[in-house]
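Student: Using the hints provided, position chains G and X relative to the given structure of chain A.
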Amino acid sequence: MKRTSGLLTIGLIFLCFCLIGAVWAAQTEKSGSSDRIAKLTVGTINQINDANPWDYYFGVYSMMLSHQGLVRFNNDGDLVPDLATSWETKDLQKWTFHLREDALWHDGKPVTAQDFKFTIDYDLEKDPLSKSYIGTIKSVEAPDNKTVIINLEKPDYNFLNTIAVVKTIPEHIFKSVDDPKKFNDKEAAIGCGPYKFVGFDRDAGIVTYQANDNYWGGKPAIDTIELRMFKNPDALMLAFQKEEIDLPYYYSKGTSYYYVPKLLENDDIGIEVYPERGITNVLWFNTAKAPFDNKELRQAFSYAPNYEELKNMFTAGYGSAPCAGWVPNGTLYYTEIRTLTQDVNKSKSLLDSLGFKDVNGDGLLEMPDKAKFQPKLLTRSDLPDSVRAAEMLKKYFANVGIDIEIDLADKSTHGEIMDEKKTHEISLAGTTFWGMTMGEGYGSGYTDTRNYGWSMVSDPKYQSLVDDLGMTQDKDKRKDLAAEIQNYYAEEMPQFTVYSMNIIQPYNARYAGWEYNPLHGILSYGTLFNLHKA
Amino acid sequence: MTMMSGRKAYFLGKLIRYAFTFFLILSLNFALPRMMPGDPIVNLLGEEALHNDPRMIELLRAEHGLDKPLHIQYFSYLRSLARMDLGYSIHKNLSVAELMANSLIWTLLLVFPSVLIGSILALLCGSLAGFKSNSLTDFLLTALALLFYTCPPFLLAMLLLSIFAFHLGLFPLGNLTSGGRDGLDYVLDVAWHLFLPVAALSLLGASYKFLVVRNSVTQIFDEQFIVAARAKGLTERCILLRHVIRNVLPPFISMVALSFGFMVSGALIVEIVFSLNGMGTLIYDAVVARDYPVMQGSFLVLTMFVLAANFAADMLYAVADPRIGGQR
Amino acid sequence: METIKDLLALSRLRLAGLFILSLLLALALFAPFIAPHDPEESKMPYQPPSQEHRLGTNDIGQDILSELIYASRVSLTIGFLAGLISVFIGATLGMLAGYYRGVVEELVMATGDVVLLIPGLPLMIILAAYLSPSMWNIVLVVGLLWWCSTARVVHSRVLQLREMPFVEAARALGGGDLYIIFHHILINSKEVIYAKFALAVASAMLTEASLSFLGLGDPLNISWGEMIHFAFSRGGFANDMWWWYLPPGLMICASVLGFVMIAMEPERSQKALEL
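Protein sequences appear in the order of chains A, G and X. Each residue of the first sequence is one higher than the one before, starting from -11 at the first, in the working numbering. Each residue of the second sequence is one higher than the one before, starting from 4 at the first, in the working numbering. Each residue of the third sequence is one higher than the one before, starting from 87 at the first, in the working numbering.
So that you can see chain A by itself, here it is in the shape it has in the complex (with noise of 0.2 Å):
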């Protein structure tokens, strides 16, 4: 008996300094008396390691928040003035920006032209990942100190999509460091930008931004940003609904749908759906492989699936239907094709007519020479989404007499396959708005064998449009040519999409004023003018 009362008592003496511990905890910050936000949390489960610009997303966020580059997307996608506030080129070939006059450091000095070659310099020679993209800068002069010329190894009128993303970095600061990587100084987190670094706590998982007072556009209207990392997505959504954070963020994705029915019981949340630029899930087939190097079995696939039923069970009402031009409509110059439907009979002859026939009566059909036909579907195993289609696409395939043989790899091998290996045969994998804008724009970079090229296609016809399109300029030349890639698209089917959904955006909807960029998404520069109390 002494036994367990000296057991209730130790117990209940730790339970007593836990809640103590939740009382402390619980204590509320007071909020501001204007319309000026004063903090606003943003959760995310992208994980940050380190304040260091070249750590991923921290790199991500300091695109958001505290750098910037000589140009930026705006709400619709095109390129506005950052850094700089105009530019020319002749040939596509020499670009010339004109730096603005009054950026300064978040240390105070101002930023010059130098300071952009220095950034280039640098990032070339100590990173040989940066190559992928800035690889087709010959040199850069700094002439005079607000003047920066770039030499581009070839005509690309796709130039200013790759230097958007090239966030200038203090010369003053970065010519002693010797490896960046490992820079893990306060300093290193010196930008231009709207928002200061002020702190990484790594055990609670917050990053801390305050608002730069002396930034060349304006005071911007939140004081300080939080972002809070969560590991567990559940979490994350728990803490949202609990009013815990303002707003929860996943970089160039949506918040999947199935939390949405939770998230309306709370008149507090706002939901906002933005068009997706980029594709959801798309099946993509290795062109180069035998027997998907014929256009007809290509097509003969694309009608086997049934849209409508993906469409409602992937996106739950908030998806588009999936295009034969394969561009997502809001893309410039996206061209109205026709709509991506379940023809079973069709999917049928057409494959009769290549000569595909079930030989021995099983049901399956097998190749023209009698072998048997199992391809292959590379599917993200550690993407429950990707897992689940797959599934569903083979019961549709197996409906026209295919046989797939779903191929799990998770996300280490199934890069290793998709971008060096190219052994797949066929894929289901997604992309993002600026993967679209990669190569020449239109998907080029993820078709086109000279880039990323998951569908292998090397036909010469196909990169003769692309390499137009990177030496165009005249407008109407290029709607032409957008129109034309498109229907390339839709004739050839390199890859189709089986279904894209919209970005589901879940936001405090005390406070108003949000808006929706298709790279940055609703940490938007113009949200963070022009949030306020609703």
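It cannot be assumed that every hint is accurate.
Said to hold, decoys possible - Only pairs whose alpha carbons sit at most 16 Å apart, straight line, appear in this in silico EDC-like list of lysine to aspartate or glutamate:
| no. | chain 1 | residue 1 | chain 2 | residue 2 |
| --- | --- | --- | --- | --- |
| 1 | X | K129 | A | E296 |
| 2 | A | K399 | G | D288 |
| 3 | A | K463 | A | D66 |
| 4 | X | K129 | A | D115 |
| 5 | A | K119 | G | E61 |
| 6 | A | K163 | A | E113 |
| 7 | A | K169 | G | D288 |
| 8 | A | K409 | G | E61 |
| 9 | A | K169 | A | D115 |
| 10 | A | K78 | A | E141 |
| 11 | A | K114 | G | D288 |
| 12 | A | K382 | X | E127 |
| 13 | A | K383 | X | E127 |
| 14 | A | K277 | A | D447 |
| 15 | X | K129 | A | D455 |
| 16 | A | K383 | X | D124 |
| 17 | A | K250 | X | D326 |
| 18 | A | K170 | G | E61 |
| 19 | A | K383 | X | E191 |
| 20 | A | K382 | X | E126 |
| 21 | G | K17 | X | E127 |
Claimed, not checked - Sample of chain G residues lacking proximity to chain A, with all beta carbon distances greater than 10 Å (derived):
| no. | residue |
| --- | --- |
| 22 | Y13 |
| 23 | Y21 |
| 24 | F25 |
| 25 | H74 |
| 26 | S136 |
| 27 | D141 |
| 28 | Y211 |
| 29 | V215 |
| 30 | L279 |
| 31 | A311 |
Simulated from the structure, these hints should not be mistaken for lab results. None of these values were measured; they are calculated from a predicted model. Just so it is clear, CB atoms sit at the ideal spot from N, CA and C, and this is done for glycine as well.
Tutor: What follows is chains G and X alone, placed relative to chain A:
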């Protein structure tokens, strides 16, 4: 005299075995991450890569020492271990030692209280249940223990999170602290955050030990010396305290020492559910990203931990049970 | 000749355990007759329990109850096979080590130590990732890593047995080593091996559930662990769909309980040895 050298021989034998094991594990540690498919360099490329420039990939590979032949990599691995240099994380661009130091502290902070609380709970309840075997107390306690033993750890953790953190709002939804506090404030805040994870781990750990203790106690009760003690007229409580527990203690202590070793990796699931920065999540992230140095370093540390725990268990068992070391 | 009857005679606990397990076995064997729907058929997703779907539907519209019943096949198979492999390896090695002693013993025990000391779950995560998600890989991984404790326990038992008079007698009569091992020693180690087998299966099922939860399971062969994985990662937890994630969890509990009850030691100490 013979007992002493017998004991020494016992310890020496154990030491040799542990040393051999350690070296084998070192080598295994090196080989395993490299046998896996998937390239750490590919993980670094991400979406930013426009071209598949093989030269760039080779450059990166060289930067991290992955281009040299295997046996050279092995020797440089051994050499750097001797220097206590655990290398640099390919993925996170921090030194492995730094990454681990931080994670290890939090894991230990999570694991030590859990094992302690769980063990004490198991010892007390197990003895009670064994003592009063076949009674209602025994039945209830055993049923509860079985429930926690059979419950998948992630389910228990998620349920605790859902019920106590979300629905009842008594505890935070994750992470180690709420940030920006110091002193006593900080300590209490961390305790508040760790309450549910520690509770989950304690209950899970206690369940198995409970069953073992209960079994041992019931067995001991049948033994002759208990009958003799009763005949001497000692009270039941006295018997429990003096004779039974003392006999249960040796295997129990070694079990506790062992569980320290296993808990560190077993806490992985709890760490993920509660968003804690421990060794578990570190290893998991490293495996997903094929970050060889981190994988190697963490395995090494975990293994040393388990080895030390085992060694301690063997020592304690020998100390507690005078019969060990005498016979062959 | 030992039979089930002798096992049953020992303990009510074991009886209860066997009862649970036979129910589960029946569920697995007769799944096509018991399940109300085809588990692969997709209808309306995320439906709460109703007349037609007693446990509702999952994220791709499949009937959860049917999925639960069919999943018993996968979970039980994985657990059973993994347990079998680990016990087979462990018992064999343990017996050889205990009987032959010397070098064999040192080798087996040292190898056992090494394997035992490798942090289990992290290693399984690595291997599961290495071997790609597949039911058989999980069986292999769990089976290959769990043999050590069986080996240790069997080894101790054999050490006890080998000095016993009846073994001496058998040797004197001219019985060869292997014969003695498999006929006499094995039979008298049965208790210990059965108990370890049951525990191995229980551990294997829990491990498989954990691996599935981490996303390393086989999504093409849905086990109870995989059901919970999809429930958590496709919004089941966020929407309080307890009918989706609790039933598989309870089934795991029940199975593990069944196996553990079989392995539990009776109140009485050793049985009399037999010849």
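Student: Could you check that no beta carbon of chain A comes within 10 Å of the beta carbon of G:S136?
Tutor: 17 Å, holds
Student: Given the hint that A:K170 pairs with G:E61, test it: the Cα-Cα distance must not exceed 16 Å.
Tutor: It is violated: about 21 Å lies between the C-alpha atoms, which goes past 16 Å.
Student: Would the pair A:K277 and A:D447 pass a check requiring their Cα atoms to be no farther apart than 16 Å?
Tutor: 13 Å, holds
Student: Between the alpha carbons of A:K250 and X:D326, is the straight-line distance 16 Å or under?
Tutor: 9 Å, holds
Student: Against the 16 Å threshold, does the CA-CA distance of X:K129 and A:E296 hold or violate the hint?
Tutor: Holds, at about 13 Å.
Student: Take a quick look at G:Y13 and tell me if its Cβ sits farther than 10 Å from every Cβ on chain A, holds or violated.
Tutor: The claim holds: G:Y13 sits with its nearest Cβ about 36 Å from chain A, beyond 10 Å.
Student: A:K119 and G:E61: Cα distance at most 16 Å?
Tutor: Distance of about 13 Å is within 16 Å: holds.
Student: Take the C-alpha atoms of A:K169 and A:D115, compute the straight-line distance between them, and say whether it is at most 16 Å.
Tutor: Given pair A:K169, A:D115 holds - Cα atoms ~9 Å apart, limit 16 Å.
Student: Hinted pair, alpha-carbon criterion (16 Å max): X:K129, A:D115. Please report holds or violated.
Tutor: 51 Å, violated
Student: Would you mind confirming whether the straight-line C-alpha gap from A:K382 to X:E126 stays at or under 16 Å?
Tutor: 12 Å, holds
Student: Within a Cα-Cα threshold of 16 Å, do A:K169 and G:D288 meet the stated pairing?
Tutor: Answer violated: A:K169 to G:D288 is near 19 Å, above 16 Å.
Student: Quickly compare the C-alpha distance for X:K129 and A:D455 to 16 Å and report which way the hint goes.
Tutor: Given pair X:K129, A:D455 is violated - Cα atoms ~47 Å apart, limit 16 Å.
In terms of the numbered hints stated before, the structure departs from hints 4, 7, 11, 15, 18, 19, 21 and 30, listed from lowest to highest.
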